[in-house]
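So the protein sequences, as listed, match chains A and B.
Counted from 1, the first sequence has number 236 at position 236 by our numbering; the numbering is strictly sequential.
Counted from 1, the second sequence has number 293 at position 293 by our numbering; the numbering is strictly sequential.
Worth double-checking, as some hints may not be accurate.
Heads up, simulated SDA-like pairs for lysine to any residue below, C-alpha to C-alpha not over 25 Å straight-line [said to hold, decoys possible]:
no.	chain 1	residue 1	chain 2	residue 2
1	A	79	A	126
2	A	299	A	278
3	B	164	A	165
4	A	164	B	301
5	B	301	A	311
6	A	164	B	29
7	A	127	B	301
8	B	301	A	44
9	A	127	B	24
10	A	299	B	24
11	B	127	A	79
12	A	127	B	27
13	B	301	A	126
FYI, nobody ran anything at the bench for these hints, they're computed from the structure.
For clarity, every value in this text was computed on a predicted model and none was experimentally measured.
Number of protein chains: 2
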Amino acid sequence: MLNFDFYNPTHIAFGEGKIADLDTLVPKSARVLILLGGGSAKQNGTLEQVMQALGDRYIKEFSGIEPNPTYETLMQAVKEVNAHDIDFLVAVGGGSVIDGTKFIAAAVYSKTDPWDILLTTGSDVTKAMPFGTVLTLPATGSEMNNGAVITRQETQDKLYFRSKTTFPQFSILDPTRSYTLPPRQLANGVIDAFTHTVEQYLTYPVGALVQDRFAEGLLQTLIEIGPALIEKPDDYELQSNLMWTATLALNGLIGAGVPQDWATHMIGHEITALHGLDHAQTLAIILPTMLDLRRDEKKSKLLQYAERVWHIHEGTESERIDKSIAETRSFFEKLGVKTYLSDYNITASNIDDIVVRLQSHGMNSLGEHNNVTIKISRKVLLKSLFKR
Amino acid sequence: MLNFDFYNPTHIAFGEGKIADLDTLVPKSARVLILLGGGSAKQNGTLEQVMQALGDRYIKEFSGIEPNPTYETLMQAVKEVNAHDIDFLVAVGGGSVIDGTKFIAAAVYSKTDPWDILLTTGSDVTKAMPFGTVLTLPATGSEMNNGAVITRQETQDKLYFRSKTTFPQFSILDPTRSYTLPPRQLANGVIDAFTHTVEQYLTYPVGALVQDRFAEGLLQTLIEIGPALIEKPDDYELQSNLMWTATLALNGLIGAGVPQDWATHMIGHEITALHGLDHAQTLAIILPTMLDLRRDEKKSKLLQYAERVWHIHEGTESERIDKSIAETRSFFEKLGVKTYLSDYNITASNIDDIVVRLQSHGMNSLGEHNNVTIKISRKVLLKSLFKR
């Protein structure tokens, strides 16, 4: 096991009806700005529950934080915070709204250009406005970590920051608030949580037996519940397990003391920035090819993955690895998500632009061994074009 | 999944050499009292590392906190805190020293008789002195939770309290600090962590798929590493996995959203109070009988335990359950811990006294269904006397 630090002070309030706990979780004297994405929280009654629980503390709402939240939109929210003496933020939404709220919380106190928060990946942030979240879309894990990915519309730069000051004070996870999600968003959530887990698990063994077991537990749970949940989005047991799994997949726990990969995510971010694919769609495309092309360095963990997660016990080592990767791809497809670039009208002629962006963001030594060069990323992209 | 709240702000610093991090984890201006048990931390060099990292912040040490820490001893430490203007506590030891430090931290600010903290199970505690821990004995999980069990020597009452204010600010987990532990203490640690997990897992299903997988992961890890660790206490991989497993077994995570039992612990506490057995010895005696006698109400989870943890796939339901309980007992015995009361010279004539104590502490409706009456506890004790 590698040395690690684990610190996560976010208070999780989990279960049906927990939105009412806002009354005790938010200070009585707070002046709250509610942050929202599109209209779904309004339509499905979540916003009303939040406003009711906050009572007089509710001052204003700010809607329109987009998927892959943009700096430009978020700076509008910062203006609202200042204009209305806001001192507490409540994000109501999924990962984008929560990521955006983290940026707003830090930007409010920024003494330089707030974009510097991204350029320094948060290392300069010393203070942030307190905030909580009401999760409506289980996927990113943002509700229980301190990281955020923000896009600059102007340049389509998609950058990451985190800070000890940007953990949510609390996150309310009420599985019934996701009942109205369309299949596409549920599938995205399952794939996002699955890939987060794989990025922290499928590297090389360091004798971290507990972390391996936990990661395998999350993957097995997602495999068990994923397809059923798409069919029955209002099943409490399925929704609650997706919600808690997605949160635990990226709250620091399974990544503590182990190597981490994240190459799939980095390539995926550039595809989203250039072509507008959903984040999870890019992961479903890149992950299987990435595992296949790096099968030698990941051999030991791929065999463990095959055996413990997919229960593949027969065949040569190479056959078992093949089968585990095929099962992974087939799982994504079963959720209704296509797994080749060509399925999204991205062709060989688009690869260069993606690669140039990776290069311009310094992504020339990705992965747990820092050996995923630009050349290898290009190969991954080319092999992800269509089924051979 | 049941509704739950999860909150755990303890910062874990894990790995060899992490004691040096005390320099950043403890405020520069702090006046520190170090709390110790017996002499082992002095003998194996841990205390020296701690003192070196603290430098001028080290004011005094207080040694002699006993296994099953007593109110009487801890109140002596409270006097030391007051006499030397201490404002930060550092516990160096196992669960007893850490539990004791939690009590000291709360008792320092107590406005009534500090024993009231136990009588109210901590509900009246509003403030505690900040403290951190350096763990030397992986077992109880006290290093990452806010609970403590304290014994009153005078009456042999063994009571529990917890408070939102008594989480360690940090806990340093350096697996090399356990290399010198004798086999008995290592075995106790494995059994303690194992039983903590079982108390939160082996109840009845509530569709908490993630929690089940995590609990099973901890149990499988303990089964994998336990016997090997007794043979090789200075194996870093084995020690690090025990340390992290024991911490995760009782930090609130696997118990969130599921029913919990704890009947085995409650009976065990009384045996320790009356007969001085190690805590883990009492668990190793009571747990197998408890599972056996309550096999009907626990049937579904016992079958899951048999299959997923012990890989028992053959036989009737009853046979599989029998086998899983036999494997559990055999695992404890393999660790060198005897599993019958008679092995410790406790006979049928001692049962009444234990039962009277359970009664006097109101333990007449234990377990996840509150149906473990005094009568059933007596039956468990009688069936735990010797092998039939």
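- prompt: Among the hints numbered above, which are violated by the structure, and what are their numbers in rising order?
  reply: 2, 4, 7, 8, 10, 11, 13
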